[in-house]
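Same order as they appear, the protein sequences are chains L and W.
With positions in the first sequence counted from 1, the corresponding number in my numbering is that position plus 1096.
With positions in the second sequence counted from 1, the corresponding number in my numbering is that position plus 1096.
Think of the hints as simulated: they come from the structure by calculation, not from any bench.
From a predicted model like this one, the values you see are computed outputs, not experimental measurements.
Worth double-checking, as some hints may not be accurate.
A pair counts as met if it fits within one copy or between any two copies, since identical chains are not told apart.
[As the list claims (entries may be wrong)] Computed list of lysine to any residue pairs in SDA-like fashion (alpha-carbon distance at most 25 Å, straight line):
id	residue 1	residue 2
1	Lys1227	Ser1174
2	Lys1380	Pro1269
3	Lys1380	Pro1183
4	Lys1380	Asp1173
5	Lys1379	Ser1272
6	Lys1380	Ala1153
7	Lys1380	Cys1273
8	Lys1379	Thr1253
9	Lys1098	Ser1121
10	Lys1098	Asp1327
11	Lys1380	Ser1127
There are 2 protein chains.
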Amino acid sequence: MKPYAVGIDLGGTNTKGGVVGRDGSVLVKKSIKTEAGGGADHVIGRIAELVADVAAAAAVGQNDAAGVCVGSPGPLDSRAGVVHEAPNLRWRGVRLADMLRPLVAMPVFVENDANVAAFGEAWVGAARNSKCTILLTLGTGIGGGIVINGELWRGVTDTGAELGHMTINFQGPVCSCGNRGCIEAYASAPAVARRMKEAVESGRQSCLKAQLLAGEEVDSKMIYQAAVGGDPLSKEIIEETGQLLGIAVANYVNIFNPDYVVLHGGLVNAGEALLGPLREETKKWCFRASQRNLRVVPSELKGDAGIVGAAGCAFARAEDNS
Amino acid sequence: MKPYAVGIDLGGTNTKGGVVGRDGSVLVKKSIKTEAGGGADHVIGRIAELVADVAAAAAVGQNDAAGVCVGSPGPLDSRAGVVHEAPNLRWRGVRLADMLRPLVAMPVFVENDANVAAFGEAWVGAARNSKCTILLTLGTGIGGGIVINGELWRGVTDTGAELGHMTINFQGPVCSCGNRGCIEAYASAPAVARRMKEAVESGRQSCLKAQLLAGEEVDSKMIYQAAVGGDPLSKEIIEETGQLLGIAVANYVNIFNPDYVVLHGGLVNAGEALLGPLREETKKWCFRASQRNLRVVPSELKGDAGIVGAAGCAFARAEDNS
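Given the sequences, and given the hints that come with them, work out the whole structure.
Structure representation (C-alpha cells):
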C-alpha cells in the first residue's frame, strides 16, 4: 500500500493541494489562484503543476502516491470523472479526469467537494469512527455529504446528498433551485444576509443599519461578527438561522439516525451563537430515541477538509481499483 | 443453503404467516387474529403455532428452513429482537426474539414492519434489482424503509427511516409525534380524513357531507372511493394528498437519488388519482438530474409484502450469521 495521496480542493477563486499520509496528516500544502477565466485546459494545467509542486516539496515520488483526487464543485460523474456543471468555474461537461490523467504520474479520481469534506471528517476529523455521518457545508449554497459505514453514498446517478435542497416549508421563500422553502433558502450565506436586510427594512435597529440602507454589501460574516459583538438584531438573525438549521437537521436525524452531524463552512465560525440554538431545535424536532448516540459538531478539519478528504477518497478508490 | 424461510407479519388486529422460497414465491400463507388483548406471551405463543402450521402445510421441516423473521411494529432493536414500543399491541420492552426462540425449531429474527416491506419490494417486488429503494407505507401513520445496495439502512440505533416524520412545513399542522408539518400530518389516513372534514365544515359540497356533518366516521377509503366515483371535493382531497406526498418524495430524491420510490398501503388503491399528482409534484420539486433513473411506483407485493419481506430478511440474516 502506497503511503501517500494528493488531495486537491478546487474552488472558484482558489485551489488548494496537499500531500496527505495514511493517518490523515498533511505533510505539505499549498494554495494557488484557480484562474477560472483562463478556461478548463488552463485550470487543469495549473492543477497538474500544483500536484507536481506539493509532491516535490514532500519528496514524494510517483511510486509512493496512491493517487490524486480532485474535490470539485458539481454535479459531476465521479466514476467517469466528468464535471456536468460548475457555475463558479464556468464549466459544463468538463472531462476533468481524462484531461488531468496525462499530466500527472499517478491514478486520478474526481469527487464532489461536499462529499470529499464529509469523507474527510468521517475518516480523521470530527466524525472519526462514525457509522453514519451527515455533513452540511454552509456557504453560498448548502452542500451535503453522506458517509455510511465508511463509504460515501452518492446516489444512483451521483446526484444524491443534495441536503441543502430539502424543503422545510413548501410555502417558504423561493430557492436558487427554483423551489420553495429549501433549507438553503433560509440558511445559506446570501439567505442570512437577505433576512438581515429585510429585518432592517422593516424598521428594526442594528449597528449594520446604516450600511444596509446605504446599499453597501453586508455579508453573513459581518452579521455573525456583529452578533458576537453584541448587536441584538444580528444575534437574533444568527439564532434564528441556527433554529432553522435545527429543523433541517432533525429531518436528517429522523431519516438517517446518524451518530454524527458535522457542520462545515464560514458560518460555523459564529460558534455557539449558531450551534446552541441549532442543537436545541434539533432535540425539539427529532425522535428522542435517535438523540442518544447523536453528536452535532463543527468541522475539525476546517480549511483542510477539502485536501484531507480528497486524499482519503484517493486512498479508498485506489484500493477499490486494485 | 436452506431453501425456505418463514415470514411473519405481526399487526394490531391480524397476524399473517407464510412459507417463502428463495425466489420469493409464497408456498403457503395463513392469517390469524393477533389477540393482542391476551398479552405478549399469548400473542407470541400464537405466532409459534402459526409458524408450525404454515411449515406443516408446506411440508417444510426445521432442517429446510433458514429461519423465521417477525416484521413487527416498532421502534425496536433488530439485533436484540426487543420491541421497545408498539402501541397497537400494547407492548413495551417485549423481548420478542428471546420469547419466540424456545417455541420454534429454527433461527429467529425480528425486524421493523416498514423495513420488512421495503426489503421485500427491493428483493422480489416493485423495486427488484434496485440500487436504492425508498418505501413509504401509507396507513394510520406513515412508515418508511431504506434499502441501499440490497441492505436495509436502519440507522445507528435502529431508529432511522422514520420517513413519515420529515417536516415539509415547520408552520404546518401538529403531528402525532408532537412536531409540526411532518408529511404524516398531511397524508396519513387520519390526516386525509381530517382535511376532508375541514373542507366540508368550511362549506364545501361533497357526497360525504351528510355523514361528516352527522358525526359519522368517514375514513380515507371512503374518500378515495368517492373520488373514483366522481365526487369533486374527494377528488380534490386525494389530488392534494398526492401533491403533498410529491413534495416529500422530492425531498427523499434530492437526499438519496434513489432508483425506486415504492408506495405501499391502502391509500395507494386510489391509483392514478393519487399517483398522477404525486409524480407530477415530485418532478416539479426535485433536481432534474435525479429524475432520469427514478421510478415512483405502487407496491407489487401488496398484502404479501410483510410475509415475503420478512422471509427475505430471514434468508439475509441467516447468511450473515453463518
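Each hint tested on the structure:
1. Taking CA atoms no more than 25 Å apart as the test, lysine 1227 paired with serine 1174 passes in both settings, with 23 Å inside one copy and 16 Å between copies.
2. Taking the shortest Cα distances, lysine 1380 and proline 1269 sit within 25 Å of each other both inside one copy (23 Å) and across copies (16 Å).
3. Only between protomers do lysine 1380 and proline 1183 lie at most 25 Å apart by alpha-carbon distance; the minimum there is 22 Å, versus 37 Å within a single protomer.
4. In this assembly of identical chains, the alpha carbons of lysine 1380 and aspartate 1173 lie at most 25 Å apart only when taken from different copies (23 Å versus 37 Å within one copy).
5. When the C-alpha separation of lysine 1379 and serine 1272 is checked against a cutoff of 25 Å, the pair qualifies only between copies, where the shortest distance is 16 Å, while the shortest distance within a copy is 28 Å.
6. Within a single copy, lysine 1380 and alanine 1153 get their C-alpha atoms no closer than 50 Å, and across copies no closer than 50 Å, so neither meets the 25 Å cut-off.
7. When the C-alpha separation of lysine 1380 and cysteine 1273 is checked against a cutoff of 25 Å, the pair qualifies only between copies, where the shortest distance is 11 Å, while the shortest distance within a copy is 28 Å.
8. Taking identical chains as interchangeable, the C-alpha atoms of lysine 1379 and threonine 1253 lie at most 25 Å apart only when they sit on different chains, with a minimum of 16 Å there against 33 Å within one chain.
9. Only within a single protomer do lysine 1098 and serine 1121 lie at most 25 Å apart by alpha-carbon distance; the minimum there is 15 Å, versus 49 Å between protomers.
10. Proximity of lysine 1098 to aspartate 1327 under the C-alpha cut-off of 25 Å is found in neither arrangement, the shortest distances being 52 Å within a copy and 69 Å between copies.
11. For the homomeric pair lysine 1380 and serine 1127, neither the shortest alpha-carbon distance inside one copy (42 Å) nor that between copies (40 Å) is at most 25 Å.
Violation of the numbered hints given earlier is confined to hints 6, 10 and 11; the remaining hints are satisfied by the structure.
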